[in-house]
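2 protein chains.
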Amino acid sequence: MKPLRTAIIGFGKIAEDQHVPAIAGNPRFELAASVSRQGNGPAPNFTSAEDLLAALPDLDAAAITTPPGPRYEIAKLCIARGLHLLLEKPPCATLGEVEELRRLAEAAGTTLFTTWHAQHNGGVAAAARLLAGQRIATMKIIWHEDVHKWHPGQQWVFDAGGFGVFDPGINAFSVATAILPAPLFVREGTLFYPANAHTPIAAELAFTSPAADGPLSASLDWRKTDGEEWTIEIETADGATLKLLDGGARLLLNGDEVAASGIGEYPDLYARFAQLIDCRESLVDVEPLRLVADSLLVGKRETVEAVTV
Amino acid sequence: MKPLRTAIIGFGKIAEDQHVPAIAGNPRFELAASVSRQGNGPAPNFTSAEDLLAALPDLDAAAITTPPGPRYEIAKLCIARGLHLLLEKPPCATLGEVEELRRLAEAAGTTLFTTWHAQHNGGVAAAARLLAGQRIATMKIIWHEDVHKWHPGQQWVFDAGGFGVFDPGINAFSVATAILPAPLFVREGTLFYPANAHTPIAAELAFTSPAADGPLSASLDWRKTDGEEWTIEIETADGATLKLLDGGARLLLNGDEVAASGIGEYPDLYARFAQLIDCRESLVDVEPLRLVADSLLVGKRETVEAVTV
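Taken in sequence, the protein lines are chains F and A. Going by the working numbering, the first sequence opens with residue 19, and the numbers climb by one from there. Going by the working numbering, the second sequence opens with residue 19, and the numbers climb by one from there.
These aren't lab readings, by the way, just hints derived from the structure by calculation. Note that beta-carbon positions come from the ideal geometry of N, C-alpha and C, so glycine has one too. Misleading hints may appear alongside valid ones.
Derived DEER-like restraints, expressed as beta-carbon distance ranges [stated by the list, open to error]:
no., chain 1, residue 1, chain 2, residue 2, range
1, A, T65, F, K31, 54 to 62 Å
2, F, G171, A, N214, 33 to 41 Å
3, A, E299, F, V302, 19 to 27 Å
4, A, L74, F, D231, 23 to 31 Å
5, F, T156, A, P75, 31 to 39 Å
Looking at chain F on its own, in the form it has when it is part of the complex (with noise of 0.2 Å):
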């Protein structure tokens, strides 16, 4: 079968740490040209998706790997020419903006694919198939991380559209939505924003869920110097504990490792991405979105002291 010849748009750190070596290693894809404002992605490389569509007109598929703002015009372009889509999280920088593209591509018949890396990592389908069908005691997310050491410089985090902690935040939604057995509800929460900035440093959360009988929680905060941890603790009702660490690559069963599965979180991705094609099909998840959005509606607000990375 001739591999999928394949764009990277948006070619930065994600880009060349993830997409490249998981299009290498999968004989589906092939990495065909790459965009970046600043012309520096694998050769043949453009400035613009216009270039790039203009240049190439034998694409199959194209990675959308830029920050969210322009993903959208972006998309809309590259399903125009009857390209299929993988998008890198968040998906677009709305939930509008998801939905049109939503419906721009099931008109198109071509593959959009609004991926969640940490979904795929080792621990988290082990995790959903231990919870399907359970209910749910208590949940508590735990995501915490040091700002100043996973984004130096990039104060952006902190602008109108930046995310803030729900940068990090929005991982823990899609594991959390992709292991428990029935939708999440933010309930109520705190979101701590910096004098200075437009998007919360910390976030304390409080979920309902039609699975769950007990609290459902979240704390992000990336004031963390000490203790960093990405962690999803899940007791049953019948009393078995989970233990999703790592962000998701390592699961404990009451307090026993269970071994890893899979072949890593972007190979895996890709090997999704290549399915679905196949399949003619779309996977559109909004729902770690829908919630960085409902904890907005729902949130108070506290102002904490101003934060420069």
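For this one, chain F is given, so just place chain A on it according to the hints.
Coordinates of chain A only, in the frame set by chain F:
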């Protein structure tokens, strides 16, 4: 045909002023009971949805007119009992809850109608017909009023989940999405938060739309003691000017009044509810609520002076 035995759950001002007369004026409905925490609605009155459902096993439908916070739980009970549901705006506290109600109603085979009363104003349907298939040159939403006049004593509008100026502003969004020939996306904006509030008192927003070539904007402001107005002004690429006044009640085309049509806001809303029940259909429109959520996702935040209403 036997009228649909209908309860009003959350009997307050909007129920008294609008729902009771609209039900009384439509032979397809019969007001069977009411629920209010104070027990002061039309008899028989109950103080909880649970009591209502236990006492009246022959109900056909309910209008839920409580604040949005508790709607999801009440709606879930009603759907489980097979009731057709009309939800006042905004349908729920979060987008996640609305999606789950959509799923539950579909599974139960009941009608779910998420209403936006402003869409049923006299000028709205005519404006939608005039704009069908047109390209839009500009749109300006001006939604200016005095929170002290319209919400005296209701400090909760500034609490978390209270919507702030989006409480009236969501009506503008509901009209705009009903009349424009393509979706609206929030591009950017500024949200003005009183120092003591969790929700904005004003918002200046810029939109884009696949149907539009020029600027689309909304000015929502609850600080206007003079010059109240609820206006949407649209210029088409063909040079026509549409002006919806008084929240959609009046329509001017190129300055000339277009005779209002329709039977009035809430009577029209109940006529549509009957139609949906007859066709065994639901109408779940989250677009206006999604525009609020998207405004919060991309908006800049500015702090303004504290407010007490």
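Results for each hint:
At about 58 Å, the CB distance of A:T65 to F:K31 agrees with the hint of 54 to 62 Å. Restraint check, F:G171 to A:N214: a C-beta distance of roughly 35 Å satisfies the suggested window 33 to 41 Å. Between A:E299 and F:V302 the beta carbon distance is about 24 Å. The supplied range of 19 to 27 Å therefore holds. Checked against the given bound of 23 to 31 Å, the beta carbons of A:L74 and F:D231, roughly 29 Å apart, stay inside it.
In this structure the hint that F:T156 and A:P75 lie 31 to 39 Å apart at CB holds, the actual value being about 36 Å.
Comparing the model with each numbered hint stated earlier shows that all of them hold.
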